[in-house]
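J.: The chain contents come next:
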Amino acid sequence: MKAVEQTPTWLPEVEANPQPSPYADLIRIAKESGREHWQIWHLFAFRPEVTSPLASFTEGVMRGDAPISGGLRELIAAYTSWTNQCEFCWRSHAAIAAEMLGSEDLVRKVLEDMETSPLPEHEKALMRFARKITKELPAMREDDVEELRRMGWSDEAIYYTILVVALFNFYNRWVTTSGVHPVSDEVHRMHGKRLAVSGYEPKNRLMGIKASGNGV
Amino acid sequence: MAHIALEEGMPGITGAFAFRPETAKPMRELAEILLRGESTLTSAEREAIAAVVSNGNECRFCQMSHSAAAAEHRGGREVDYAWIEAVKANPESADISPKLRALIAIAKKVREGGKNVTAADINLARERGATDREIHDTVLIAAAFSMYNRYVDGLATWQPEEMAAYKPMGQRMAHEGYARRAAEPVRMGTGSR
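As they're listed, the protein sequences go chains A and B.
If you read the first sequence in the working numbering, its first letter stands for residue 144, the second for the next number, and so on.
If you read the second sequence in the working numbering, its first letter stands for residue -12, the second for the next number, and so on.
Note that these hints are calculated values from the structure, not bench results.
None of the values given here were measured: they were computed from a predicted structure.
We put the CB at the ideal spot given by N, CA and C, even for glycine.
Check the hints yourself; a few may be wrong.
[Claimed, not checked] Subject to a maximum C-alpha distance of 20 Å in a straight line, what follows is the list of computed SDA-like cross-link-like pairs (lysine to any residue):
1. 275/A - 286/A
2. 12/B - 254/A
3. 95/B - 254/A
4. 75/B - 281/A
5. 95/B - 279/A
6. 102/B - 254/A
7. 86/B - 116/B
8. 12/B - 286/A
9. 96/B - 152/A
10. 102/B - 193/A
11. 12/B - 192/A
12. 102/B - 230/A
[What the hints assert, rightly or not] Chain B is nowhere near these chain A residues, computed Cβ spacing over 10 Å in every case:
13. 175
14. 190
15. 211
16. 266
17. 310
18. 342
Using the sequences and the accompanying hints, generate a full structural model.
T.: If you want it as structure tokens, here you go:
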């Protein structure tokens, strides 16, 4: 099958040197099946010794047992990435959030205008908190946490919110500065469905793809 | 006092780590690899990038502890502490290589936002001898500290004010590393924030 054309990332030496890893396999399978691949895999494949703990960390932050649902954590990730204007990240996590929350419409409304979206008020408070950590870190005060407590959020829920926002402030910078481009809506949607099930451990992603039998 | 119920007496990120050890372990491993793993950038240079980014984010604990680590990698003398202060204050005039100066310029832009880095910034670093691996490592460190800074300041952990408190921390960070303390977090007595 003919490979699809994708605009290269900004670090050609990184893109050309994948090390043996599940991510290198993901890229190869996608290319063999003639589909676009997520270019963030090049970043993961370049230095597996760095990215392997990162993948486990991401799994723990996004899918670990916590008082905020995985779908809501994905929405916080998408909203943080939207705030940082990281298109690859917000498209990816909007698709996963839509799958896990069961509504593309809700996710789109939250990104376009969070305040007027139909998101419940206590969840809007988490989004405001996420935006403030992202845009105005030195201005964070205990009042910001107190506001979330008044809305009924536990310290553990607040802790996980901070972890998600912090993690995506990392990913947004890594991805944007390395020149990772978004893929088509169709491919973002497909990965949203897959990631909603497989989570972030690369082995699970690879197994899910092999089990589905139709390439990446 | 920290904003959420963290154990008192554990400064900065150590208190946050102790709250949920399962998420702390991979964060420690990442710091260990980024700052002390095999690389063509020295650990002092990488710690300097971490300190510059944390300073820009106004995260006191992060910037002071990583400044101390940078100084300790260079020998821990007064002149080494003066060096890292000069790098943070003005990388353009500090005693660093032109390559590191270009990499720090990239790191500062990564801190502000991933979209701020231009092809010209990357090309300048390449012209000064930086490899794509070194550029990528710089981006990774700057992005990672944009995460750690938010983790520490979002939780408003207790942070000592005096540099003297950070010297022993910097020595451990430089010479023992980040992966060691999972079972035995450092304690510094109770204090208020």
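J.: All the hints need checking, so say for each whether the structure fits it.
T.: Comparing the hints with the structure gives:
| no. | hint | in the structure |
| --- | --- | --- |
| 1 | 275/A - 286/A | 12 Å, holds |
| 2 | 12/B - 254/A | 32 Å, violated |
| 3 | 95/B - 254/A | 27 Å, violated |
| 4 | 75/B - 281/A | 18 Å, holds |
| 5 | 95/B - 279/A | 16 Å, holds |
| 6 | 102/B - 254/A | 19 Å, holds |
| 7 | 86/B - 116/B | 6 Å, holds |
| 8 | 12/B - 286/A | 29 Å, violated |
| 9 | 96/B - 152/A | 18 Å, holds |
| 10 | 102/B - 193/A | 23 Å, violated |
| 11 | 12/B - 192/A | 15 Å, holds |
| 12 | 102/B - 230/A | 10 Å, holds |
| 13 | 175 | 26 Å, holds |
| 14 | 190 | 8 Å, violated |
| 15 | 211 | 14 Å, holds |
| 16 | 266 | 18 Å, holds |
| 17 | 310 | 6 Å, violated |
| 18 | 342 | 14 Å, holds |
Hints 2, 3, 8, 10, 14, 17 from the list above are not met by this structure, while the remaining hints are.
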